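Q: Chain by chain, the residues run as shown.
There are 2 protein chains.
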Amino acid sequence: MKIIASPIEMQRYAENARREGATIAFVPTMGFLHEGHLTLMREGRARASILASSLFVNPTQFAPNEDFSRYPRNFARDCELMETVPVDVLFAPEPTAMYPAGSQSWVEATEVTRGLCGDHRPGHFRGVTTVVAKLFNIVKPHFALFGEKDFQQLRAIQRMVVDLNFDLEIVPVATVRERDGLAMSSRNAYLSPEERQRALAISRALKAARQCFDEGARYTAQLACAARYVLERTPGLEIEYIEAVDAETLAPLKALDRPVVVAIAARVGATRLIDNMTFSPFSN
Amino acid sequence: MKIIASPIEMQRYAENARREGATIAFVPTMGFLHEGHLTLMREGRARASILASSLFVNPTQFAPNEDFSRYPRNFARDCELMETVPVDVLFAPEPTAMYPAGSQSWVEATEVTRGLCGDHRPGHFRGVTTVVAKLFNIVKPHFALFGEKDFQQLRAIQRMVVDLNFDLEIVPVATVRERDGLAMSSRNAYLSPEERQRALAISRALKAARQCFDEGARYTAQLACAARYVLERTPGLEIEYIEAVDAETLAPLKALDRPVVVAIAARVGATRLIDNMTFSPFSN
Chain A
0 MKIIASPIEM QRYAENARRE GATIAFVPTM GFLHEGHLTL MREGRARASI LASSLFVNPT
60 QFAPNEDFSR YPRNFARDCE LMETVPVDVL FAPEPTAMYP AGSQSWVEAT EVTRGLCGDH
120 RPGHFRGVTT VVAKLFNIVK PHFALFGEKD FQQLRAIQRM VVDLNFDLEI VPVATVRERD
180 GLAMSSRNAY LSPEERQRAL AISRALKAAR QCFDEGARYT AQLACAARYV LERTPGLEIE
240 YIEAVDAETL APLKALDRPV VVAIAARVGA TRLIDNMTFS PFSN
Chain B
0 MKIIASPIEM QRYAENARRE GATIAFVPTM GFLHEGHLTL MREGRARASI LASSLFVNPT
60 QFAPNEDFSR YPRNFARDCE LMETVPVDVL FAPEPTAMYP AGSQSWVEAT EVTRGLCGDH
120 RPGHFRGVTT VVAKLFNIVK PHFALFGEKD FQQLRAIQRM VVDLNFDLEI VPVATVRERD
180 GLAMSSRNAY LSPEERQRAL AISRALKAAR QCFDEGARYT AQLACAARYV LERTPGLEIE
240 YIEAVDAETL APLKALDRPV VVAIAARVGA TRLIDNMTFS PFSN
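For the record, the sequence lines run as chains A and B. Residue 15 in numbering that gives the first Met the number 0 sits at position 16 of the first sequence; the count goes up by one each step and never skips. Residue 231 in numbering that gives the first Met the number 0 sits at position 232 of the second sequence; the count goes up by one each step and never skips.
No false leads were mixed into what you were given.
Looking from chain A toward chain B, a few residues come up when the C-beta cut is under 8 Å (computed):
| # | residue |
| --- | --- |
| 1 | THR109 |
| 2 | ALA132 |
| 3 | MET159 |
| 4 | ASN164 |
| 5 | PHE165 |
Pulled from the structure, derived: some chain A residues nowhere near chain B, Cβ distances all over 10 Å:
| # | residue |
| --- | --- |
| 6 | PRO71 |
| 7 | VAL172 |
| 8 | GLU214 |
| 9 | GLN221 |
| 10 | LYS253 |
Simulated from the structure, these hints should not be mistaken for laboratory data. Everything numeric in this text was worked out from a predicted model, so none of it was measured. All C-beta atoms, glycine included, are put in the ideal place defined by N, C-alpha and C.
Build out the structure end to end from the sequences listed, making use of the hints.
A: In structure tokens:
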């Protein structure tokens, strides 16, 4: 695996590859890889002749009170895991190479980043769309793969790609879960064994929403209610939000007459976890 | 000259050209071409194997009270002028192709768009950087040429290109003037003969700043003052701003110890005109 730290060098690599007719699939990451990342990478591997990934814990998507400095990092282990896929080229820049002095430009998707995490993490999605736009211009991929676990992030990036005419395809990949249902996340590393048990209530709450849907619910409020019932009965878990909204626009929605996503954010101890499930009335 | 209206078709054209080893120079315009545009195009012609231009009166860079609907248009004449350069490919999309329903993403350069026109045209530069980012992703140029007449626009775009890692070179081109000194602008078409005479005070004011500089001025305020003296004595001309600021960052600056731009915006009748001149203490 080739490791490149310089944005300019990465652009030269990508540009040469494209000129030679290669196709590039790209999986951006913040490292501390788990099976979710590796699933994205294997999917990318199958779609293009070159598989590129990036490892960059992006400071601009963390609010000052968030976990930027203690975000888990293990570069050597991440490289080993990438070699198993295998990843062809890893872009791993320093923060000063990504945000040199004087940096002041931002990319923002507006409506889709309101509500849900957008209401609780001010500046987060602006940081995400900005760094992803930069990475797209540096890595020049034909395909970019993102997990559905970060659902609002996925929708914001899809919106940005369409609105700003990025010439690439966003490939969403289903959330990978532990055997007991917990959505995989680098932040799961923060959980004590006891907290990890409590965290299972989140995926259980989504299963409750699923059951409610399967039993013929007609309104989004019914799904949110079923999920809330489970979470409110879990001691030591603090609900940040439970919402059932339009799965495309993330706008409020009343009737279950189009695809809906039920999205949850909750704190277990000091750890903020998110998860979601989509419901399509047409496929049932 | 090939004329393309579809963003997707333009991307295919550009992608194929790049893969075949062509280089693309790009001159984005809002049409109603004058010698300033044609100078940009000839400069682009000399730099690359393909010369692309665009003609799009971008609605998002006009405030609701501005002249979007009456902005001068003459597509047939513009095409004829482009053929004389010659331009190889013209991208001329409809507004609905550039901003389909649901569009909601913006690109913004922040500090550099504060002050000067940024203070008087709210939303203007956000509209400019957004449409230029879109055009870059559609036309995929190696070089893009912009006139120094729109100096803050040039600096905002240069900032955006660096900050978002667009893999292209911005080529600034000196302002082209009428023989009597008036900076060329599509908006000069709005001026009556009498207004046109009055408008000459703007370039005269910049010449006064130049004289002041040549005579050994040491502070930016002296340059602004010299320009203001001329404009304030011109009846029927309303000053919007006269500023002497850092020519790179457009931040306020006191001493003439680094490159400075003197920038003017003024109204003559209903027509808003801008002009500027740069001063480099190192070259004198």
